[in-house]
Amino acid sequence: MGVYDSLNNCERGKTLFIIGAGPQINKLSDEQINFLENQAAIGVNRVQYKIKTRYFISAYPSEILLALKKIPDSSILIHIRPIMEYLFFKPNILTIKREVFDKNVGLNRFLDETNPVIFTKMNVALAATHLAFILGAALVRTSKVRFRSIQI
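Residue numbering for the sequence shown follows the UniProt record's numbering, beginning at 1 and increasing consecutively.
Don't read these hints as lab results, they were simulated from the structure. Just so it is clear, CB atoms sit at the ideal spot from N, CA and C, and this is done for glycine as well. Some clues are possibly wrong.
[Unchecked claim] The calculated label-pair distances, taken between Cβ atoms and stated as ranges, are: (1) Thr15 x Asn108: 28 to 34 Å; (2) Val100 x Ser29: 35 to 41 Å; (3) Asn108 x Leu87: 21 to 27 Å; (4) Asn108 x Pro23: 32 to 38 Å.
[To be verified] Under the rule of at most 16 Å between Cα atoms (straight-line distance), these lysine to aspartate or glutamate pairs were calculated in the EDC-like manner: (5) Lys97 x Glu85; (6) Lys50 x Asp30; (7) Lys52 x Asp30; (8) Lys97 x Glu113; (9) Lys121 x Glu99; (10) Lys97 x Asp5; (11) Lys121 x Asp102; (12) Lys52 x Glu31; (13) Lys14 x Glu37; (14) Lys52 x Asp73; (15) Lys90 x Asp73; (16) Lys50 x Glu37; (17) Lys52 x Glu37.
Produce the entire structure from the sequences given, and follow the hints as far as they go.
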């Protein structure tokens with residue numbers, strides 16, 4: 001099994017949290033933060049300042065570097081790029097190609113080892129939602145994320 005294949009359905013049947021870094025994140029209690037850190041959760045934007053999530057996804061190299069310092073080595077960092085070009089060579093940082101979602105094509109259910117793709121419309125929260133689908137989440141709960149996107 002390859003590294004991308006290992007993500008397919010690895011959280012099957014679980015509730016998966018997508019957590020963004022809105023200002024309300026500073027109002028979370030230590031108990032709430034501890035709860036979220038022990039769940040299957042995907043962090044987006046600058047959430048790693050406050051919560052150490054199991055998964056972190058970003059298109060920005062600077063965010064990946066910051067997450068590398070803040071999040072434990074057991075977490076999986078996902079760098080989504082418009083081309084399949086690796087900028088990081090660490091085992092817990094995966095590069096996945098991002099493509100604009102086309103409703104006529106639909107979503108891939110699994111990551112392909114030879115050409116892993118996550119669909120979005122230039123919005124990391126949408127990419128995180130597709131990742132949750134690939135991970136096998138039964139329910140996705142979002143907190144502090146915005147799903148704004150351009151219309152195509």
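Hints, verified against the model:
Under the hint 28 to 34 Å, the C-beta atoms of Thr15 and Asn108, about 22 Å apart, miss the expected range. For Val100 paired with Ser29, a C-beta distance near 39 Å keeps the hint of 35 to 41 Å intact. Hint check: Asn108 to Leu87, Cβ distance near 23 Å, so the stated range 21 to 27 Å holds. Look at Asn108 against Pro23: about 34 Å separates their beta carbons, and that is inside 32 to 38 Å.
Simply put, Lys97 and Glu85 have alpha-carbon atoms about 8 Å apart, close enough for the 16 Å limit, and the pair holds. Among the hinted pairs, Lys50 with Asp30 is consistent with the structure: their alpha-carbon atoms are about 10 Å apart, no more than 16 Å. At roughly 12 Å between alpha-carbon atoms, Lys52 and Asp30 fall within 16 Å of each other, so this suggested pair holds. Between Lys97 and Glu113, the direct Cα distance comes to roughly 12 Å. Compliance with the 16 Å bound is thereby established for this hinted pair.
Simply put, Lys121 and Glu99 have alpha-carbon atoms about 8 Å apart, close enough for the 16 Å limit, and the pair holds. Distance hint between Lys97 and Asp5 is fulfilled; the C-alpha atoms sit about 15 Å from each other, no more than 16 Å. Between the alpha carbons of Lys121 and Asp102 the distance comes to roughly 9 Å, so the proposed pair stays at or under 16 Å and holds. For the hint linking Lys52 to Glu31, the alpha-carbon distance of about 14 Å falls within 16 Å, and the restraint holds.
Only pairs whose Cα atoms come within 16 Å are accepted, and Lys14 paired with Glu37 is accepted, the gap being roughly 15 Å. Between the alpha carbons of Lys52 and Asp73 the distance comes to roughly 11 Å, so the proposed pair stays at or under 16 Å and holds. Our distance criterion of 16 Å between C-alpha atoms is met by Lys90 and Asp73, whose separation comes to about 10 Å. At roughly 10 Å between alpha-carbon atoms, Lys50 and Glu37 fall within 16 Å of each other, so this suggested pair holds.
Proximity of Lys52 to Glu37 is assessed by CA-CA distance (about 6 Å); at most 16 Å being required, the pair is judged to hold.
Consistency note: the structure conflicts with earlier hint 1 alone.
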